[in-house]
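Whole structure, please, built from the sequences with the hints as guidance.
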Amino acid sequence: MELRSKVPAGPIELKWDKHRFEMKLVNPANKRKFTVIVVGSGLAGGAAAATLSELGYRVKCFCFQDSPRRAHSIAAQGGINAAKNYRNDGDSVYRLFYDTVKGGDFRAREGNVYRLAQISVEIIDQCVAQGVPFAREYGGLLANRSFGGAQVSRTFYARGQTGQQLLLGAYQALEKEVARGGVTMYSRTEMLDVVVIDGRARGIVVRDLVTGKIESHAADAVVLGTGGYGNVFYLSTNAKGSNATAIWRAHKRGAAFANPCYTQIHPTCIPVSGEYQSKLTLMSESLRNDGRVWVPAAAGDERAPDQIPESERDYYLERRYPSFGNLAPRDIASRAAKAVCDEGRGVGPTRLGVYLDFADAIQRVGASTIRERYGNLFEMYGRITDEDPYRVPMRIFPAVHYTMGGLWVDYNLMSTIPGLHVIGEANFSDHGANRLGASALMQGLADGYFVLPSTIGDYLASEKPAPVDTTHPEFRLTEGEVADRTRKLLAIKGKRTVDSFHRELGRIMWEQCGMARTATGLEQAIVQIPSLREEFWRNVNVPGSDAELNQAVEKAGRVADFLELGELMCRDALHREESCGGHFREEYQTADGEARRDDDRFAYVAAWAYTGDHAAPRLCKEPLDFEYVHLAQRSYK
Amino acid sequence: MNVTLQVWRQAGPSAPGGMVRYEANDISPDASFLEMLDVVNERLMAAGEVPIAFDHDCREGICGSCSLMINGVAHGPNKGTATCQLHMRSFADGREISVEPWRSRAFPILRDLVVSREAFDRIIAAGGYISAPTGSAIDGNATLIAKDEVDTAMDAAQCIGCGACVAACPNGSASLFTAAKITHLGLLPQGQPERGLRARRMVEQMDIEGFGGCTLYGECQEACPKLISIDTITRMNRDYLRAAVAPVRAVVSESD
Numbered sequence: 000m001e002l003r004s005k006v007p008a009g010p011i012e013l014k015w016d017k018h019r020f021e022m023k024l025v026n027p028a029n030k031r032k033f034t035v036i037v038v039g040s041g042l043a044g045g046a047a048a049a050t051l052s053e054l055g056y057r058v059k060c061f062c063f064q065d066s067p068r069r070a071h072s073i074a075a076q077g078g079i080n081a082a083k084n085y086r087n088d089g090d091s092v093y094r095l096f097y098d099t100v101k102g103g104d105f106r107a108r109e110g111n112v113y114r115l116a117q118i119s120v121e122i123i124d125q126c127v128a129q130g131v132p133f134a135r136e137y138g139g140l141l142a143n144r145s146f147g148g149a150q151v152s153r154t155f156y157a158r159g160q161t162g163q164q165l166l167l168g169a170y171q172a173l174e175k176e177v178a179r180g181g182v183t184m185y186s187r188t189e190m191l192d193v194v195v196i197d198g199r200a201r202g203i204v205v206r207d208l209v210t211g212k213i214e215s216h217a218a219d220a221v222v223l224g225t226g227g228y229g230n231v232f233y234l235s236t237n238a239k240g241s242n243a244t245a246i247w248r249a250h251k252r253g254a255a256f257a258n259p260c261y262t263q264i265h266p267t268c269i270p271v272s273g274e275y276q277s278k279l280t281l282m283s284e285s286l287r288n289d290g291r292v293w294v295p296a297a298a299g300d301e302r303a304p305d306q307i308p309e310s311e312r313d314y315y316l317e318r319r320y321p322s323f324g325n326l327a328p329r330d331i332a333s334r335a336a337k338a339v340c341d342e343g344r345g346v347g348p349t350r351l352g353v354y355l356d357f358a359d360a361i362q363r364v365g366a367s368t369i370r371e372r373y374g375n376l377f378e379m380y381g382r383i384t385d386e387d388p389y390r391v392p393m394r395i396f397p398a399v400h401y402t403m404g405g406l407w408v409d410y411n412l413m414s415t416i417p418g419l420h421v422i423g424e425a426n427f428s429d430h431g432a433n434r435l436g437a438s439a440l441m442q443g444l445a446d447g448y449f450v451l452p453s454t455i456g457d458y459l460a461s462e463k464p465a466p467v468d469t470t471h472p473e474f475r476l477t478e479g480e481v482a483d484r485t486r487k488l489l490a491i492k493g494k495r496t497v498d499s500f501h502r503e504l505g506r507i508m509w510e511q512c513g514m515a516r517t518a519t520g521l522e523q524a525i526v527q528i529p530s531l532r533e534e535f536w537r538n539v540n541v542p543g544s545d546a547e548l549n550q551a552v553e554k555a556g557r558v559a560d561f562l563e564l565g566e567l568m569c570r571d572a573l574h575r576e577e578s579c580g581g582h583f584r585e586e587y588q589t590a591d592g593e594a595r596r597d598d599d600r601f602a603y604v605a606a607w608a609y610t611g612d613h614a615a616p617r618l619c620k621e622p623l624d625f626e627y628v629h630l631a632q633r634s635y636k
Numbered sequence: 000m001n002v003t004l005q006v007w008r009q010a011g012p013s014a015p016g017g018m019v020r021y022e023a024n025d026i027s028p029d030a031s032f033l034e035m036l037d038v039v040n041e042r043l044m045a046a047g048e049v050p051i052a053f054d055h056d057c058r059e060g061i062c063g064s065c066s067l068m069i070n071g072v073a074h075g076p077n078k079g080t081a082t083c084q085l086h087m088r089s090f091a092d093g094r095e096i097s098v099e100p101w102r103s104r105a106f107p108i109l110r111d112l113v114v115s116r117e118a119f120d121r122i123i124a125a126g127g128y129i130s131a132p133t134g135s136a137i138d139g140n141a142t143l144i145a146k147d148e149v150d151t152a153m154d155a156a157q158c159i160g161c162g163a164c165v166a167a168c169p170n171g172s173a174s175l176f177t178a179a180k181i182t183h184l185g186l187l188p189q190g191q192p193e194r195g196l197r198a199r200r201m202v203e204q205m206d207i208e209g210f211g212g213c214t215l216y217g218e219c220q221e222a223c224p225k226l227i228s229i230d231t232i233t234r235m236n237r238d239y240l241r242a243a244v245a246p247v248r249a250v251v252s253e254s255d
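Respectively, the protein sequence lines represent chains A and B.
No gaps in the numbering here: position 376 of the first sequence is 375 in numbering that gives the first Met the number 0, and each next residue is one more.
No gaps in the numbering here: position 113 of the second sequence is 112 in numbering that gives the first Met the number 0, and each next residue is one more.
I should point out that these hints are in silico values taken from the structure, not numbers from a laboratory.
Each residue gets a CB set at the ideal place from its N, CA and C atoms; glycine is no exception.
Treat the hints with care, since some could be wrong.
[To be verified] Pulled a few chain A residues facing chain B out of the computed Cβ check, cut under 7 Å: (1) S66; (2) I73; (3) A74; (4) Y137; (5) Q163; (6) Q171; (7) A238; (8) G240; (9) G381; (10) E386; (11) D387; (12) V391; (13) K487; (14) L489; (15) T496.
Shown next, in the form of structure tokens:
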């Protein structure tokens with residue numbers, strides 16, 4: 000498989016402009032002749048569906064939730080980056096580009112990242128115009144705060160609910176287009192396969208989650224904005240329904256999967272408290288603007304936090320990374336937390352936790368200011384833990400949060416299946432091996448509002464897809480395969496629940512493919528996962544039928560896919576014999592425990608091609624060139 | 000801890016439903032209400048029974064999926080808390096707890112505790128937006144917005160669209176939901192041109208969907224997990240009346 004990135008030639012600041020001029024256009028009267036399917040209604044999918052319809056395309060949009068407004072983008076808390084330089088603190092498009100390439104540990108495509116930084120500025124304007132109530136200063140201007148991995152203040156926010164407000168902006172634009180007739184919305188409808196005809200993506204097969212009916216939809220192009228795959232780990236900050244089925248089914252139909260092992264473990268989540276736990280809750284990174292992270296200096300110190308004097312505390316992020324301090328990037332902050340817990344200095348009942356302390360900030364600016372900045376987060380923490388973070392330091396621990404890997408796409412956001420485009424967290428682009436805080440919302444909206452709506456026109460105008468409808472035999476065939484799979488799951492009638500398999504997979508992944516990975520552990524996982532998968536298909540118990548609202552069937556299908564994807568993640572992690580960003584191999588670290596990259600051998604995107612259920616996946620490489628940001632070991636010291 | 004559940008079970012939209020009793024034993028007080036239901040469902044499946052269907056997704060109080068009537072109270076006993084953020088420590092050991100779906104003519108039951116809330120999407124589609132096609136925006140700082148105004152808009156914008164207001168209202172009114180959006184957009188300068196039209200269309204859609212009228216019981220604001228105030232309803236009524244009695248053009252040019 001040949002991977003052509005199609006990044007345009009020329010100076011980096013002119014690439015996107017030049018490309019926009021060179022791309023073919025579809026004339027306004029012809030746009031309504033094209034149908035585009037958008038799967039997913041989050042920031043990327045919702046924005047793309049609304050914008051494509053505004054442009055005049057006929058759009059069909061699908062989501063598994065009961066309303067497009069519930070996509071998991073809604074839960075993003077902290078903010079969205081943009082290179083506005085409203086603070087006059089030295090920010091620029093180039094600096095956002097530079098911070099993102101460096102933050103991603105030099106494993107992203109320069110051309111894509113520069114375009115993202117350019118577009119960031121327009122996103123804020125667009126969202127303000129839609130009525131997103133971003134925080135304002137007393138003078139009426141937009142407010143900003145700081146996020147990890149940056150020394151400028153470029154993050155725009157709406158209290159601790161930025162994702163919610165941005166998503167509602169996109170959702171409202173989407174509903175406006177639904178009312179106008181440009182978008183047909185299919186809620187409670189899950190995509191279970193993509194239909195490829197003559198080598199091109201021409202539609203999808205879906206299951207109506209209320210009636211169980213399997214249906215086909217044809218189109219001239221298909222867009223996946225279905226989010227990340229962090230739920231492979233069972234416990235993560237993702238919503239319970241977040242899943243990888245759409246991208247995994249597309250992978251098995253020919254879309255290469257890039258960098259599956261790049262997962263982001265977020266440093267500030269509420270620690271696990273028990274076996275019944277169904278998900279982990281994030282505490283926004285923005286808290287690190289004011290909170291100080293510490294553990295006792297001595298191992299096994301069981302005193303209450305207020306009994307430990309200053310001199311016996313270790314503010315380890317401030318100590319190890321004096322210039323970024325508590326705002327060190329996520330991968331670094333997470334590993335540092337793991338390191339102190341491994342030394343026996345963790346806090347809380349499980350000893351897997353560190354303090355995030357607001358005492359100094361409350362003394363400096365007062366509790367009411369802190370309440371104004373983070374009130375809803377403090378309340379959420381209080382509700383979950385039954386502790387008052389205004390008085391007692393929060394306890395936090397890293398948790399799986401985001402996946403930088405995803406389906407491989409070129410500069411036009413098209414996968415290796417022509418006509419199949421992938422946007423937002425579902426693709427692999429832009430964040431390299433580690434995503435900086437407040438950059439996911441930026442990328443989702445950049446893809447959805449601005450990039451995809453331009454590039455998809457070029458595909459449609461150049462390819463001029465021949466008419467096709469769902470009577471084509473390929474649709475019948477795919478529908479049959481989808482229905483068979485569901486029936487097969489229901490027929491097993493084994494002894495174990497879907498969740499018990501999911502939990503076990505999650506444990507393997509967390510232990511062997513989590514914050515620190517080793518060749519031995521990964522090799523073990525590559526044996527354990529297929530055997531768990533084999534047991535799943537022999538011994539899972541899925542009650543009910545396929546002709547009704549059946550949440551167990553939905554879950555079983557998703558977990559079956561996680562059981563395959565998990566193995567690919569481990570294979571990718573095993574092959575990448577270096578440490579970079581969120582991928583930390585214990586064998587490859589510097590003397591002071593930092594990630595040691597191997598640019599000579601691994602400065603490439605690892606894109607895996609599916610070759611069959613019983614064959615090893617084939618590795619294809621897209622080399623990465625760094626013309627502008629010079630390869631160097633990241634330093635936040 | 001141990002609790003006894005009485006849960007509404009209904010096999011499909013037109014199937015008859017009824018309360019079924021389940022013993023939920025050995026539940027951690029630190030588990031959330033939904034995690035308690037997860038445990039009950041795992042045990043039901045192990046016994047070869049069909050699990051209880053309920054809507055849920057983010058489990059951090061923001062997606063608005065969860066929708067349970069707990070002991071007759073929407074989202075249960077804790078003020079300003081969605082079901083997913085309610086923990087079992089809020090209940091006394093040994094207590095009996097009834098669990099029902101939202102009850103409203105406009106929210107048909109699909110199965111067990113799952114209802115359809117598509118009516119809310121249609122209310123938004125009727126006018127709950129600012130028309131700003133992608134690419135048409137001016138600089139974000141070109142329009143100044145006073146901090147207290149944006150803060151009040153944000154208070155209303157926090158609505159998670161869960162439908163607790165409808166479930167709690169004796170009339171089954173969707174006024175708090177509709178008013179929250181009208182308030183959010185109507186307080187912002189960007190929202191002024193469509194303000195009158197928006198109020199008229201959204202209120203009319205609310206009626207078309209079969210929601211009841213508002214007689215200011217105030218139950219909605221008590222049930223709202225985001226503590227949205229019924230002051231928003233006053234604002235909605237004002238915007239609606241102005242739009243209904245005045246010619247559309249006059250409303251368009253008016254500002255507060």
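Would you pick out the hints that fail for this structure and give their numbers low to high? Of the numbered hints, 9, 10, 11, 12, 13, 14 do not hold.
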